[in-house]
Amino acid sequence: MMKIYLYLTSFILGYYTGNCAQPYFPPQIVFSPDNGVTTIAIDEINQRAYQKITLSSYASETSFVMKHFPYAIPDSPQSKYYVQLLVDFPPLNCMYGTYWKYGGNTFNSFPSFWRNGSSYEIKTYMKFNYEMIHSSDSSLNEDYWYSNVTCQTDSGQNYPCEEIYFEKNTQTPLRSTRVARGGWDVRQFTTYYKIISVGKPDDKLFDSIPSNWTSICRDVMLGLSYYPQTSKIILNQSVKVQVWLITPPHRINGNDTVSIQWQATECNDCFTWT
Numbered sequence: 003m004m005k006i007y008l009y010l011t012s013f014i015l016g017y018y019t020g021n022c023a024q025p026y027f028p029p030q031i032v033f034s035p036d037n038g039v040t041t042i043a044i045d046e047i048n049q050r051a052y053q054k055i056t057l058s059s060y061a062s063e064t065s066f067v068m069k070h071f072p073y074a075i076p077d078s079p080q081s082k083y084y085v086q087l088l089v090d091f092p093p094l095n096c097m098y099g100t101y102w103k104y105g106g107n108t109f110n111s112f113p114s115f116w117r118n119g120s121s122y123e124i125k126t127y128m129k130f131n132y133e134m135i136h137s138s139d140s141s142l143n144e145d146y147w148y149s150n151v152t153c154q155t156d157s158g159q160n161y162p163c164e165e166i167y168f169e170k171n172t173q174t175p176l177r178s179t180r181v182a183r184g185g186w187d188v189r190q191f192t193t194y195y196k197i198i199s200v201g202k203p204d205d206k207l208f209d210s211i212p213s214n215w216t217s218i219c220r221d222v223m224l225g226l227s228y229y230p231q232t233s234k235i236i237l238n239q240s241v242k243v244q245v246w247l248i249t250p251p252h253r254i255n256g257n258d259t260v261s262i263q264w265q266a267t268e269c270n271d272c273f274t275w276t
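Positions 3 to 276 (the working numbering) are the ones given, in order, by the sequence shown.
Heads up, a few of these hints could be off.
Claimed, not checked - Think about it this way: if two alpha-carbon atoms lie no more than 30 Å apart in a straight line, the pair counts; the simulated DSS-like pairs of lysine-lysine are:
| hint | residue 1 | residue 2 |
| --- | --- | --- |
| 1 | K206 | K54 |
| 2 | K103 | K69 |
| 3 | K196 | K206 |
| 4 | K54 | K202 |
Think of the hints as simulated: they come from the structure by calculation, not from any bench.
Using the sequences plus the hints, can you model the full thing?
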C-alpha cells in the first residue's frame, strides 16, 4: 500500500509540473521583431543586452544595458551597478542612467519588467500576463501555446489574449500574438521573429560602446531638484529656496566638486543669490 501511494504521489506531482511549465524565450538570442529594422540581443547568462534601431541608411539608435559596464570610472557607481546607455548616430549624442539606491533611469529601451525600482536584472524577453497552455493540436513543425483567458476585440471576435509559436521541440520563437489597444481600437497584434542566432551573442555587438562614454555622455540622473518650484519675491524682501542634487556627484580624477550656476532669462539685476 505504501509503494502504491508513493507511486501515485509521484505521478500526480509529475503531471502537475508538466502542465505548469511555461514557454520561455532562449536565454541567449539575437533576433529582430520587425523584419530587420530593430535588432535585439539578449544575454541572460552574462547579464547584458543590446538593441539597435535603424532609422535610415545612415542614422541609428543603439542601446546597451549590463552590469560591469566597460570603460566605467573605477570605484564609481557605474562600475558596480547596472547601467543603460543610449547612443544616437549621427551626430554622436548619448545619455546613460545607473540603477542604484539613489535612483534608476528616466528612459528605457528594454522590457519594463527587467527593472524593479532602483534594481535591475536582465531576464527573458517576453513576460506573459496569463498562464499559458501547450496545445495538443500543434502542427508538425510548430509548438503552439495559448493563454487560459480569451479577450474580445472591438470587432467582436474572441481570441486567446496571448499566443506564441515555437519551432517544434525547441525554444526558438517564430511569432506571437496579443490582444491590446492600438490607437482607438482593441485588436489582435502579431509579431514575427526573425532569428539571427541562438546562443551567446557576438561580442562585436557591444564593441560600439564609446570608450569615453563617461565623459561625453549625459548622466540623466545627475541633476538638481529645488523647492518651491516657483517663488514670489516682494520688493526688498527675500525668499528661501532649497536646492539639492538628485544623486551624489561623480568623482572624476579624484574630484567630486559640483559647481551650480544660475542664469536669469529676464532682468539679470533684479535680484541676487546669497
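The hints, checked one at a time:
1. K206 / K54: 13 Å, holds
2. K103 / K69: Since the Cα atoms of K103 and K69 sit roughly 15 Å apart, the hinted pair holds (cutoff 30 Å).
3. K196 / K206: Holds - the C-alpha atoms of K206 and K196 are around 19 Å apart, at most 30 Å.
4. K54 / K202: Holds: K54 and K202 sit about 17 Å apart, inside 30 Å.
Consistency note: the structure conflicts with none of the earlier hints.
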